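Participant: All the letters of the sequence shown, read from the start, carry residue numbers 0 to 287 under numbering that gives the first Met the number 0.
Be careful, since some hints might not be right.
Stated by the list, open to error - Listed below are the simulated PhoX-like cross-link pairs for lysine-lysine, each with C-alpha atoms no more than 20 Å apart in a straight line:
hint, residue 1, residue 2
1, 106, 137
2, 137, 102
3, 112, 137
4, 137, 168
5, 263, 245
6, 117, 106
7, 143, 161
8, 263, 148
9, 117, 137
As the list claims (entries may be wrong) - For each label pair, taking beta carbons as the anchor points, the in silico distance ranges come out as:
hint, residue 1, residue 2, range
10, 268, 187, 19 to 27 Å
11, 262, 67, 32 to 40 Å
12, 131, 63, 36 to 44 Å
13, 227, 116, 23 to 31 Å
14, 220, 264, 18 to 26 Å
15, 61, 108, 29 to 37 Å
16, 176, 135, 25 to 33 Å
17, 89, 112, 18 to 26 Å
18, 242, 264, 13 to 21 Å
19, 138, 173, 34 to 42 Å
20, 113, 67, 30 to 38 Å
21, 268, 82, 39 to 47 Å
22, 258, 75, 47 to 55 Å
Hints were generated in silico from the structure; no laboratory data involved.
If you're wondering where the values come from, they're calculated on a predicted model, not measured in any experiment.
Cβ atoms here follow ideal geometry from the backbone N, Cα and C, with glycine treated the same way.
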Amino acid sequence: MKPVMTLTTENLLNLEPLHTPTLTPPNSTTSIASDLLTPKSDTSTNYNIPITISTLPNELLVAIFSFIHDDVRGTQYLIAASQVCRLWHSNILAILWSRVEIKRQNKWDLIRKGLITKYGHFVGEISFYSVLFDAQDKRQLIDKCQNLKGLSLVKCRGLDEKFLEEWTKVNSMTLRTFTIWGPGVYESLATDVTNYLLLPMLKHANRLEELHIVCSAITDEFLSDIAFHTTTWPHLALLDLTECGKITASGVAELFTCPQQFPKLSRLQLQYNEDNYLDVDFFEFLAV
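Using the sequences and the hints given, assemble the complete structure.
Facilitator: Structure (structure tokens):
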């Protein structure tokens, strides 16, 4: 019985390419797949052209591996497949690192070296949960992760306006989704999400399609700024302001006084807040 591979971060960080194998020639009765892939003339003459894995185009390999990646055990399968040959190895590395999710500080401590020094340019979506960023982390993330489509910072520590502005700026052409959560009830040490923290970065984020600001201390002034002063939002379809307890009905209504700023906005998420007059009647008013 073959041993089962155990998926660990070490597996992901230390993949080594093996030899490039050649498939069995089409004359062999043991390889039906090779026979099917080998072109034959109208007279059924065999060309006996050896087929190698490298003859498959990268686009096809990436499509196949992406389907595998979406499986529950996809990462484990891809790590095993990456040992087949150099071509598979390089394509699979790009897929494995395309979406990175870091839910604990100790995982970040383990993965940061590989992410920053080797694989940062592969990352398209990255999510951090309750992670503390030091000055070196922030500088290296800005320098190495510059092809982001999605960025999520949930209850993190060490965030500052300069870091967010610079990181958003280098990803301004690609970033489509941005999520940030403030401290909430159970993460009192997380960075407060305020007007001051967010406004500098938003001028570089006008290609966003989704903006999620949760558990924040933003005020009506923030809503006024994004509606009139920061930038236009030609692609923004979803604005999520859940648990933003300092915004009022007046501030939310101001978003709708300048509809040309948000031509594609189709979904606004707000939390019921009786103290700030975000009640049922107000939502019905917005719906009209």
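Participant: State for each hint whether it applies.
Facilitator: Checked hints:
no.	hint	verdict
1	106 to 137	holds, 17 Å
2	137 to 102	holds, 17 Å
3	112 to 137	holds, 13 Å
4	137 to 168	holds, 14 Å
5	263 to 245	violated, 26 Å
6	117 to 106	holds, 17 Å
7	143 to 161	holds, 17 Å
8	263 to 148	holds, 19 Å
9	117 to 137	holds, 16 Å
10	268 to 187: 19 to 27 Å	holds, 24 Å
11	262 to 67: 32 to 40 Å	holds, 38 Å
12	131 to 63: 36 to 44 Å	holds, 38 Å
13	227 to 116: 23 to 31 Å	violated, 42 Å
14	220 to 264: 18 to 26 Å	holds, 20 Å
15	61 to 108: 29 to 37 Å	holds, 31 Å
16	176 to 135: 25 to 33 Å	holds, 26 Å
17	89 to 112: 18 to 26 Å	holds, 20 Å
18	242 to 264: 13 to 21 Å	holds, 20 Å
19	138 to 173: 34 to 42 Å	violated, 20 Å
20	113 to 67: 30 to 38 Å	violated, 21 Å
21	268 to 82: 39 to 47 Å	holds, 44 Å
22	258 to 75: 47 to 55 Å	holds, 48 Å
Hints 5, 13, 19, 20, counting from the list given before, are not met by this structure.
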